[in-house]
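A.B. asks: Chain residues, written in single-letter form:
There are 2 protein chains.
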Amino acid sequence: MKMQTAKGVSDTPPEEKIIKNQVLNTLTKVFEIYGFAPLETPVIERFETLFAKSGAGEESDALKETFQLTDQGKRKLGLRFEFTTSLARYVAMNSNIKMPFKRYEFGPVFRDGPIKLGRYRQFWQCDADTIGTSSMLADAECVAMLSTAFNKLNFKFEIKINNRKILNGILNQAGIKDQKEALISIDKLDKIGKEGVAKELKERGYNESQIAKLFDLILGKVTITSLKKSLIDEEGIEGLNELEELFSYIKKMGVKEAIFDISLARGQAYYTGTVIEAYLINSKITSSIAGGGRYDDMIGGFMGGNRVVPAVGISFGIAPIMDALKMQQELTTKTPAKVFVLPINALEESLEIVQELRNAGINTDISLGKKGVSNNLQYASSLGIPYVVIFGEKELAQKKVMLRNMETGKETLLTVKEVIKRLTKK
Amino acid sequence: MKMQTAKGVSDTPPEEKIIKNQVLNTLTKVFEIYGFAPLETPVIERFETLFAKSGAGEESDALKETFQLTDQGKRKLGLRFEFTTSLARYVAMNSNIKMPFKRYEFGPVFRDGPIKLGRYRQFWQCDADTIGTSSMLADAECVAMLSTAFNKLNFKFEIKINNRKILNGILNQAGIKDQKEALISIDKLDKIGKEGVAKELKERGYNESQIAKLFDLILGKVTITSLKKSLIDEEGIEGLNELEELFSYIKKMGVKEAIFDISLARGQAYYTGTVIEAYLINSKITSSIAGGGRYDDMIGGFMGGNRVVPAVGISFGIAPIMDALKMQQELTTKTPAKVFVLPINALEESLEIVQELRNAGINTDISLGKKGVSNNLQYASSLGIPYVVIFGEKELAQKKVMLRNMETGKETLLTVKEVIKRLTKK
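Those protein sequences? They're chains A and B, same order as listed. Its first residue numbered -16, the first sequence is counted upward by one per residue in the working numbering. Its first residue numbered -16, the second sequence is counted upward by one per residue in the working numbering.
Be aware that a few hints might be false.
Stated by the list, open to error - Here are the simulated DMTMM-like cross-link-like pairs (lysine to aspartate or glutamate), alpha carbons at most 20 angstroms apart as the crow flies: (1) A:Lys239 / B:Glu331; (2) B:Lys267 / B:Glu313; (3) A:Lys135 / B:Glu339; (4) A:Lys99 / B:Asp54; (5) B:Lys(-10) / A:Glu31; (6) B:Lys235 / A:Glu376; (7) B:Lys353 / A:Glu228; (8) A:Lys(-15) / B:Glu31.
Calculated from the structure, these hints are not laboratory results. All values derive from a computational prediction rather than experimental measurement.
Given the sequences, and given the hints that come with them, work out the whole structure.
C.D. replies: If you want it as structure tokens, here you go:
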């Protein structure tokens, strides 16, 4: 029998998982610093829940690409394809939750779709959302978290911000109905340019005058100040005010990477206000590394009735972030072990030394019955362990051990306490 | 539409997830201190893989209780029900892995079985295994990791250890074939006593003389020393030597909680040597909190051919460990936030203060547009946030803020630097 993973899913081997854990730990730290609480929802949801009103965004695609299963009781179930639906279900089920509810969640999500480069059937998402407040301060916290996280990861990045109400206002003012189609075109302005957008809009049936009015408002150097003069539509002005408030907050919060970008629309239909997208600067990775926005109608719609439950959130792309980190550092480390202990005819004595290193908080591996010094050194080297501690009777007689730096090959005779001091220094 | 989770799965709300993360972080730390590397295998496996030779233990039950699904290409898939099968597949697929391969993995596993108290359809497992060495030092590391982990969690516990070869030897010596059935009875000695075991063995067709010989060897105070005199079967003696070696290692490693227990067998058929099980002492939780053992035939069998790939591992029960922690501490904390910032007509100034606290590494929440001091204090209190920082123009004029201890109600006028000093102290 040939051993293989299921199609479209893959293992994360130690050298990659070590980096993934770095990313997840950094993001967790940032979420908690900002007062977001962890929540875990199950991988399996009722099929009905996954396709409840407004839950799925692009519903038909999601439906087709959802892994379906049934339990022994013939109940129809599905594997989650994102977290927002489960979050909405959780909020709907727990009416005693104190609002605003700030939560983060990460883990695997699933889609049974075509497999392309970088598109897997199981992949990780990492979301933070604030439910139950329309305060722009919640939007500002989302932007500030992106800034804090990517600075912690030493990225060069920018955060593009827009507001759907501004875009709606512009489209209203240009006399464009069917705004969903137009938004998809505008979102491509960066990629296909003015001519490309004009062509698409024409194909979609908009006339020259509408397109000209639209371009008047979105082309050139569009700033909050310029829009304040040109935009007269009421919804547009409301969006402009929200955007201005948001920028005043993030400025106070010390965010330096945020810019207003009138062409940012984001695909999903459910956004109602702020939209956010973060990109690396001067990087081979040109896809966004995080994004999000405000979706005030979705959760209430999901819960039924007339409840309005405003919400804003961001989602980090674990795959592109890992790709960026892999470009910064080589994947030579296949273990968290910092030191490998290699006793020569001194196994019993070695165990106390090993535990002393471990008790000092040093990640320590030990030779497990491998024969010979060179075999063991080769093993430690192939795993990328930076130090080896070697000793036999001679060293032990002096109450010392030999510390070998695996990068330089330099060996130093030290007491165990000195080894601990050296390895815990950094 | 009524919102609910799928049957048999549940959400982990913030107050529980905070504790779960504490457990997982502690275990991760211990695994890495012992030089184990993280691996992530997918939730979805090929159905064929899950039921490859020796992969599943109690195969028929596992088969019935495995969630099955198909992808768009009509491939038959399943949700993993444990990690060992995926680990075996990973080792089989990656022939360049350096042995011994020490890895840990945790995450959700699935079973579509009947739901009882504490038995869910999605639950977490947390495993550490060493593949590719028969050194008893690897078994000793497993025991030592249990000891380190449970000491870090402040548990009172004991680790029972036995060796299947000893049990096999005893059964051989008593003339008992069909050892699998007999082992299941012996494993119940603690629960059903001598008479219960005797009754079961009779029902299974063993005669009085066999049962008497068996009881001679396993009843009373059975120690390594006593067995050295009474056990003459070759396999039994081999097991005894392994056990002795294991105990000599863990003693050197400072493990104080391990005891030899001749009645420990563990259910799974695949164990070939050391078996381990950890229990809380003087606790309402009487089920084991971790267990494991050596399974030298399973991975090789899985890979086909005649390869022998020795292996030993342990698995932590996240649910009973969390239950034990919940008995130690109340679940009053619903957020990681340590301080809640409440500005009174001073929103703009507050943002700088909030970021100063966050930059100092303090988990900080801020009032998101909630009106009134008492409303906000109530919110902070209901989430279990221990401190609130309150200030208005009066305090800001003095360049100070009011720090309120939510437990005592005591308020102190401090500079932000003094607040940081106080909150980062512990």
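A.B. asks: Please go over all the hints and tell whether each is borne out by the structure.
C.D. replies: Now for the hints, and whether the structure bears them out:
1. A:Lys239 / B:Glu331: With a Cα-Cα distance of about 17 angstroms, the restraint between lysine 239 of chain A and glutamate 331 of chain B holds, given a limit of 20 angstroms.
2. B:Lys267 / B:Glu313: At roughly 16 angstroms apart (the allowed maximum being 20 angstroms), glutamate 313 of chain B and lysine 267 of chain B satisfy the hint.
3. A:Lys135 / B:Glu339: holds (16 angstroms)
4. A:Lys99 / B:Asp54: holds (16 angstroms)
5. B:Lys(-10) / A:Glu31: holds (13 angstroms)
6. B:Lys235 / A:Glu376: This hinted pair holds, its Cα atoms lying about 18 angstroms apart.
7. B:Lys353 / A:Glu228: Holds: lysine 353 of chain B and glutamate 228 of chain A sit about 17 angstroms apart, inside 20 angstroms.
8. A:Lys(-15) / B:Glu31: holds (10 angstroms)
In this structure, every one of the numbered hints holds.
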